[in-house]
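Using the hints provided, position chain B relative to the given structure of chain A.
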Amino acid sequence: MTGDIERTLAVAAGLFILGAIGFLTRRNLILIFLSAELMMHGVGLTFVTFGRMHFSNEGQVMNVMSLTVAACEAGLALALILALFQVSRSLDVELWTDLREEDLPNPVSADELTSVVPATAPEFPKLTPAGRAPVLPKRQVVIKRNSSPKT
Amino acid sequence: MSDTVLWLIPLAPLVAAVLIALLGPKFLREQSHLPCVLALLVSFASSLMLLCHFVPAGFGEHGHDHALLSTGYDFLTVGSFTSQIRLSADAMTAIMLSMVTGVSSLVALFASGYMHGDKGYARFFAEVSLFVFSMCVLVLADNFVMLFVGWELVGLCSYLLIGFWFQKPSAAAAAKKAFVVNRIGDFGLLLGIFLIWTTFGSVSFADVLGHPERITEIAAGNPGLMTAICLLLFLGAVGKSAQFPLHVWLPDAMEGPTPVSALIHAATMVTAGVYLVARCTPLFLAAPDAQVTVAAIGGITALLAACMALTQNDLKRVLAYSTVSQLAYLFMGLGAAAGLESATPAVSAAMFHLFTHAFFKALLFLAAGSVMHAMGDVIDMRRFSGLRKVLPMTHWTFLCGALALAGFPLLSGFWSKDEILGVLSEASHHHRHGGLFVVLYWTASVTALLTAFYTFRAYFMTFWGPEKFPEEAGDHPHDATAVMAWPLRILAVCAVGIGAVVGPTGLFGDYLHHTIGMPASDGHHMHLDVMVISALIGLAGIGLAWFCYVKSPSIPGKLAGSLQPLYALSLNKFFLDEVYLLCLVMPLRGVSRVAAYLDSQVLTRIVDGVGRIPGLLSQAPRFLQNGLVPAYGLVMLLGVVAGMLFAISYLK
Numbered sequence: 001m002t003g004d005i006e007r008t009l010a011v012a013a014g015l016f017i018l019g020a021i022g023f024l025t026r027r028n029l030i031l032i033f034l035s036a037e038l039m040m041h042g043v044g045l046t047f048v049t050f051g052r053m054h055f056s057n058e059g060q061v062m063n064v065m066s067l068t069v070a071a072c073e074a075g076l077a078l079a080l081i082l083a084l085f086q087v088s089r090s091l092d093v094e095l096w097t098d099l100r101e102e103d104l105p106n107p108v109s110a111d112e113l114t115s116v117v118p119a120t121a122p123e124f125p126k127l128t129p130a131g132r133a134p135v136l137p138k139r140q141v142v143i144k145r146n147s148s149p150k151t
Numbered sequence: 152m153s154d155t156v157l158w159l160i161p162l163a164p165l166v167a168a169v170l171i172a173l174l175g176p177k178f179l180r181e182q183s184h185l186p187c188v189l190a191l192l193v194s195f196a197s198s199l200m201l202l203c204h205f206v207p208a209g210f211g212e213h214g215h216d217h218a219l220l221s222t223g224y225d226f227l228t229v230g231s232f233t234s235q236i237r238l239s240a241d242a243m244t245a246i247m248l249s250m251v252t253g254v255s256s257l258v259a260l261f262a263s264g265y266m267h268g269d270k271g272y273a274r275f276f277a278e279v280s281l282f283v284f285s286m287c288v289l290v291l292a293d294n295f296v297m298l299f300v301g302w303e304l305v306g307l308c309s310y311l312l313i314g315f316w317f318q319k320p321s322a323a324a325a326a327k328k329a330f331v332v333n334r335i336g337d338f339g340l341l342l343g344i345f346l347i348w349t350t351f352g353s354v355s356f357a358d359v360l361g362h363p364e365r366i367t368e369i370a371a372g373n374p375g376l377m378t379a380i381c382l383l384l385f386l387g388a389v390g391k392s393a394q395f396p397l398h399v400w401l402p403d404a405m406e407g408p409t410p411v412s413a414l415i416h417a418a419t420m421v422t423a424g425v426y427l428v429a430r431c432t433p434l435f436l437a438a439p440d441a442q443v444t445v446a447a448i449g450g451i452t453a454l455l456a457a458c459m460a461l462t463q464n465d466l467k468r469v470l471a472y473s474t475v476s477q478l479a480y481l482f483m484g485l486g487a488a489a490g491l492e493s494a495t496p497a498v499s500a501a502m503f504h505l506f507t508h509a510f511f512k513a514l515l516f517l518a519a520g521s522v523m524h525a526m527g528d529v530i531d532m533r534r535f536s537g538l539r540k541v542l543p544m545t546h547w548t549f550l551c552g553a554l555a556l557a558g559f560p561l562l563s564g565f566w567s568k569d570e571i572l573g574v575l576s577e578a579s580h581h582h583r584h585g586g587l588f589v590v591l592y593w594t595a596s597v598t599a600l601l602t603a604f605y606t607f608r609a610y611f612m613t614f615w616g617p618e619k620f621p622e623e624a625g626d627h628p629h630d631a632t633a634v635m636a637w638p639l640r641i642l643a644v645c646a647v648g649i650g651a652v653v654g655p656t657g658l659f660g661d662y663l664h665h666t667i668g669m670p671a672s673d674g675h676h677m678h679l680d681v682m683v684i685s686a687l688i689g690l691a692g693i694g695l696a697w698f699c700y701v702k703s704p705s706i707p708g709k710l711a712g713s714l715q716p717l718y719a720l721s722l723n724k725f726f727l728d729e730v731y732l733l734c735l736v737m738p739l740r741g742v743s744r745v746a747a748y749l750d751s752q753v754l755t756r757i758v759d760g761v762g763r764i765p766g767l768l769s770q771a772p773r774f775l776q777n778g779l780v781p782a783y784g785l786v787m788l789l790g791v792v793a794g795m796l797f798a799i800s801y802l803k
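Chains A and B are the protein sequences, given in the same order. As numbered in this note's numbering, residues 1 to 151 make up the first sequence, in order. As numbered in this note's numbering, residues 152 to 803 make up the second sequence, in order.
Hints were generated in silico from the structure; no laboratory data involved. Here the structure is a predicted model, which means the values were calculated and not measured. Any given hint might turn out to be false.
[Unchecked claim] Now the stretches of chain A that chain B is said to cover, found in silico as 3 or more residues with beta-carbon under 8 Å: (1) 11-24; (2) 83-96; (3) 99-108.
Virtual Cβ for every residue (Gly too), placed ideally from N, Cα, C.
So that you can see chain A by itself, here it is in the shape it has in the complex:
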């Protein structure tokens, strides 16, 4: 019995680590997403295993619940991936580095990118401005930036 549990836990840990490695090394958005799913299922397996160890069904219940959540999450994630794809016509994750600090250079050089962004960018919906523009007090805190603008 104990041996079974350890073996099952080892499989779960293997699943988790494989998923983690995939998540860190893959550049394809869908594969990254699949790796994340793999990690989650590794964790789900440990739930079931520990539930079994304690002769309780709670681990399985938990796993079924997380599967439900994962299903929703998969829908959302795939929709996001689709949206990203519509903008860039590519699944390469390295196209999306806009969240970096604004004066840092792009870590991905241009020739590394798998595909070139097409010129036809779809129109994003815009919110109509509402309310009043904020009136700032006279004395403003000016944050000085000592570097050049984004290259």
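Just chain B, lined up with the frame of chain A:
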């Protein structure tokens, strides 16, 4: 005598104030004076009931000294210190209240005509109601803390009303000056109250003032302490009652509307200082040094203010200096208790003069307001003259007030001034302080002469001589309308008659000494010799003014020319404002410039520098934020691993 009547006195004006403040600008508009006048009349009626309640059964006996008390709620409890909102009324309170509410009713009525058409009509009456409420709180207070609350409230109302026309820079400056100068006095009063608390362990009048033997004991143990308490309280009175050296705010306070000058800066609020000193008579009795100081300050102020009043060209300013001078008279009277067997005649004389002064000074101010109203807000006496034909009603009422102020025989000012001079002359027989009181007696007499002279100088310059109007008055200046005339008439009757009714009959003194802590007295004295002298002095002053300003009007000009330095000294108020500017205001302004520089240049930079530190520190890990999703994933994974390791090591 029910509690309701007692509470009605302060609360009716408060309700009116709130009502006018809330409804005035939108709904009441031109009717805003109605709630105010109505509430003041209610207060006045209640005060009269209170006054009647204290008429003792055996009039003239001493011993009906229990005050009427009514507790509201605990205002403040800190450790063993408790301060209550509690009303307390005795004879002195009743007299003050009747005077305050009576005069303010008349002034409010007058103001409803005078302020007609002003943009701040509702605001004016809300503030006047608030003022009367505050004054009633001050007078009805049962303890020093509540008195202080009332004291500050009247100061606030005075500030608001002096600066009523705050669009005028001079009015705004005058309001600020009054407030700041009063702060100095209030500070003294506050310290005095602290000292009373540490000495007596209570701030209630009954506990502090009601046990003369205890006060004597404390004073015998530590005479310096009692003197310090009294001097600090007197400092408060000096500020509020505009005595030298803090008198500078009162003449400037004339920037406010004239009814306000009549009510607050002549009849009621400025007498709060006198009331405080009179109320604390039992304390002052135990500190003769403080009493002598009170009398001396009174003497200095009386003479100084009278000299300043001699050359002023602004009718209201003449009256303002006269107020300062008359208040100083009251302090001289109070201080004279140091040289008397019993303090009661001195306090009674001072309170009597306070009472009559309120009527004739309010009358003079309102009459001056009526002149101002007719002359298109011009108050410079050089620009108009000979108004007695055009403004007959104003002329007669002003004359009544002026005669009463000058101490014309048998008018109210005569009786009360005589009583003060009487106690001063009695005090001059004292073995220790006699010399001082001889000097003060003559100072007071000279002041009386000057008073008669400058009052009638103003009277003759305004109402006699060739008829002349400023162009602001229009073609045809008109006398006061009915709503303004009736208060003047009533006040004139009071100014003429009230002294003769309650003075020589001894009614006032007998009534007043039924006040807590007021020592028994051997009764009322008439001072025939003093009376004759003061009557002669008054007549001489009037005659002199008539000679200089009616008979041969060239004399004042020549006199001013030949006594140029003295004339300039008086005209410029002894350059006291300039001295204060040089010695106090400018150094303080320098200090505040330095402080402002330190604040904006040094402190701000330090604070900004501290604020920049987190920004600088975060420069180091910035490169981690490179925007690559796998990089974020790696950092997250490492973080989870680190957390796990920490948790495992913690579990072990």
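Status of the hints after comparison with the structure:
For the region 11-24 of chain A, the assignment as covered by chain B holds, since 3 residues bring a beta-carbon within under 8 Å of that chain's beta-carbons and 3 suffice. Only residues whose beta carbon comes within less than 8 Å of a beta carbon in chain B count, and the region 83-96 of chain A has 3; three or more means the coverage holds. Evaluation of the coverage hint for the region 99-108 of chain A: fulfilled, as 7 residues show C-beta separations to chain B shorter than 8 Å, against a requirement of three.
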